[in-house]
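Protein sequence lines correspond, in order, to chains S and L.
Taking numbering that gives the first Met the number 0, the leading residue of the first sequence gets 0, the next gets one more, and so forth.
Taking numbering that gives the first Met the number 0, the leading residue of the second sequence gets 0, the next gets one more, and so forth.
Source of the hints: derived by calculation from the structure; they are not laboratory data.
Hints are supplied without guarantee of correctness; some may be wrong.
Claimed, not checked - If you only want the chain S side, here are some residues facing chain L, beta carbon under 10 angstroms, derived:
no.	residue
1	E64
2	N66
3	D138
4	I152
5	Q269
6	I311
7	I336
Fair warning: this is a prediction, and the values are worked out from it, not measured in the lab.
Just so it is clear, CB atoms sit at the ideal spot from N, CA and C, and this is done for glycine as well.
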Amino acid sequence: MVFSLISTPIQTFQFKKLFSGMRFFCSMILVFVLFSCKKDNEIVPVDDWGFKKPSYFPEPHYTFENNAQTKLRFSLGRDLFYDSILSLDNSISCASCHAQTHGFSDHNVAFSAGVNGTLGVRNSPALSNLAWYPTFMWDGGIVNIETFSVGPITNPLEMHESILNVVGKLNANSAYRSKFKLAYDVDSITDQKMLQALAQYMAMLISDDSKYDKFKKGTYTFTADENAGYFLFQAKCASCHTEPLFTDFTYRNNGIDATFTDLGRGMITQNAADNGKFKVPSLRNVQLTYPYMHDGRYFTLSQVLDHYATGIQSSSTLDPSLASGIPLTADEKLKIIAFLRTLTDYTFMANPDLSEPIH
Amino acid sequence: MKTFSQYKKFSLIALAIAGLTFTSCKKEVTPEPTATTGSVSVNFEHKWVDLSANFTLNMEYIHPVTNDTLNFTTMKYYISNLKLKKADGTWWTHPESYFLVDVENVSSTKLSMSNVPVGTYTELSYTFGVDSTRNVSGAQTGALSIAKDMFWSWNSGYIFLKAEGLSANSTTGSYSFHLGGFSGANSTLSTKNVVFNSVSTDLVVSSSHESEISMLVFPDKLWNTAGSINTTNTIHMPGSGAKTMANDFVNGIEFEHVHN
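Start from the sequences and build out the full structure, keeping to the hints where you can.
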């Protein structure tokens with residue numbers, strides 16, 4: 000999606016026409032009355048910009064309730080996403096581990112470095128289409144896009160900062176104070192507004208312009224290999240990596256381990272039947288988001304396919320559909336990889352509106 | 000006189016603004032408190048074991064069941080969704096009713112409700128914890144602000160109760176219990192009803208003064224059946240351990256009296 004950040008609602012009022020004295024005054028009254036009654040959720044879109052559901056996507060999970068979408072809020076969220084002010088020693092930002100050029104995953108490392116270089120314990124996932132996510136993290140422990148950012152900000156292995164401190168630092172920054180004033184009409188920045196602004200940006204990370212998407216929109220024809228790969232994918236992978244988001248958001252054990260050092264979903268539910276299960280990851284931009292799996296153990300897609308074909312480890316929580324693996328010939332593997340490459344969305348990864356703001 | 004006619008014009012316009020503003024904004028207008036409502040406070044008083052000892056932070060206590068020595072540095076918990084039952088059997092619901100009771104901050108132990116319709120009330124209903132809806136909703140404000148440090152960042156949900164402190168009986172010298180959980184078998188949410196005339200008199204709300212409901216809280220109840228902190232000195236997630244402690248704590252909250 001490409002959109003511009005230039006026009007604001009206020010420009011739609013034709014000030015030129017409001018020329019003299021009383022007429023200007025009366026018009027201002029009208030403007031005042033209109034504005035004073037406008038509720039947060041009634042902001043009228045004035046141009047083409049904004050959250051748009053691609054026609055072949057399901058309904059999004061996040062609907063901007065109590066956090067109506069505006070450009071100011073979005074660009075404030077973008078400022079925050081790229082600002083290391085969110086971390087303890089002002090050393091890392093969200094973008095340090097979620098780089099646009101890598102489909103918003105980390106720079107091809109298994110584990111990301113937090114403040115002071117401490118390594119995390121799971122692979123930084125690629126981010127896209129987050130407004131459709133019912134849960135976040137490999138174990139689904141976080142259930143709302145607005146409260147999401149508390150996780151990385153406070154995790155000692157990531158930004159290692161307290162919400163109270165971040166809010167304090169933001170309030171001590173006059174540029175942020177005026178941006179929050181403009182975006183949310185608050186004199187003092189609260190944790191709620193900071194989290195809502197971040198959610199505005201995260202929800203706009205929409206990847207819908209890959210070859211696959213163009214195929215869905217009828218503007219691209221798959222090559223023979225891509226097409227064959229698509230059919231194989233639908234038959235063998237789509238039960239979990241369901242189109243068009245390439246995840247069904249369930250938790251499954253795909254057989255990468257027989258015993259579990261990371262309990263995954265089981266840690267959240269405290270139910271042994273969930274041990275070793277992880278959220279099915281989206282495969283959008285997967286070509287560029289290696290290494291793969293929750294611990295970044297595989298560096299190539301062919302290693303991943305070898306795993307499904309011949310490497311499934313048995314355990315009590317293994318997904319029953321994988322009990323005897325997914326038989327794949329060498330040729331089938333290549334075709335599936337050809338299809339997976341059609342999920343690479345260069346428009347998304349180069350979209351200037353999602354890039355680091357230049358101030 | 001020009002100025003006079005301008006003045007007249009202005010006042011007409013002002014009237015028009017007032018008219019417009021009122022009619023167009025009707026849905027936003029909330030009724031002003033009138034003489035038909037009054038205030039009620041629910042006071043949570045903290046005691047150790049019985050009424051003879053006040054409970055405070057940074058004070059050494061011996062636990063009557065486990066014999067553990069406990070010196071609290073933190074004791075706070077959520078009480079929410081206050082409701083009052085009228086004499087006619089209908090309930091009055093306190094709006095946006097979320098309170099973080101923090102022993103460190105005396106004013107937080109007094110839960111104030113305003114705009115309560117005057118009349119006689121027979122019961123109070125309150126919830127320990129934060130209802131499931133707010134646990135999964137977007138970023139909240141007030142008592143539910145995440146800056147209160149009562150929210151699990153990695154396993155979404157509010158920490159309903161934090162009890163932390165130092166103890167020679169703990170293998171680490173300290174203890175830290177973060178109790179919560181809003182869903183399924185591990186839910187620690189519980190709603191309690193207090194019938195005023197069981198031990199006191201009915202609550203009479205009047206516009207002339209604030210009525211009070213006094214509650215007694217015994218933090219020692221956390222270990223009523225949980226066992227010594229020598230075995231478990233930390234709980235930081237929902238689960239059966241958290242549930243046992245939270246239930247014992249809530250069941251130990253007593254209604255003392257109504258002061259009209």
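How the hints compare with the structure:
1. E64: holds (7 angstroms)
2. N66: For N66 (chain S), the interface hint holds, since the closest Cβ of chain L sits about 6 angstroms away, which is under 10 angstroms.
3. D138: Hint holds; D138 (chain S) Cβ to chain L Cβ min 8 angstroms, cut 10 angstroms.
4. I152: holds (8 angstroms)
5. Q269: holds (5 angstroms)
6. I311: violated (29 angstroms)
7. I336: violated (34 angstroms)
Of the numbered hints stated above, those contradicted by the structure are hints 6 and 7, listed in ascending order.
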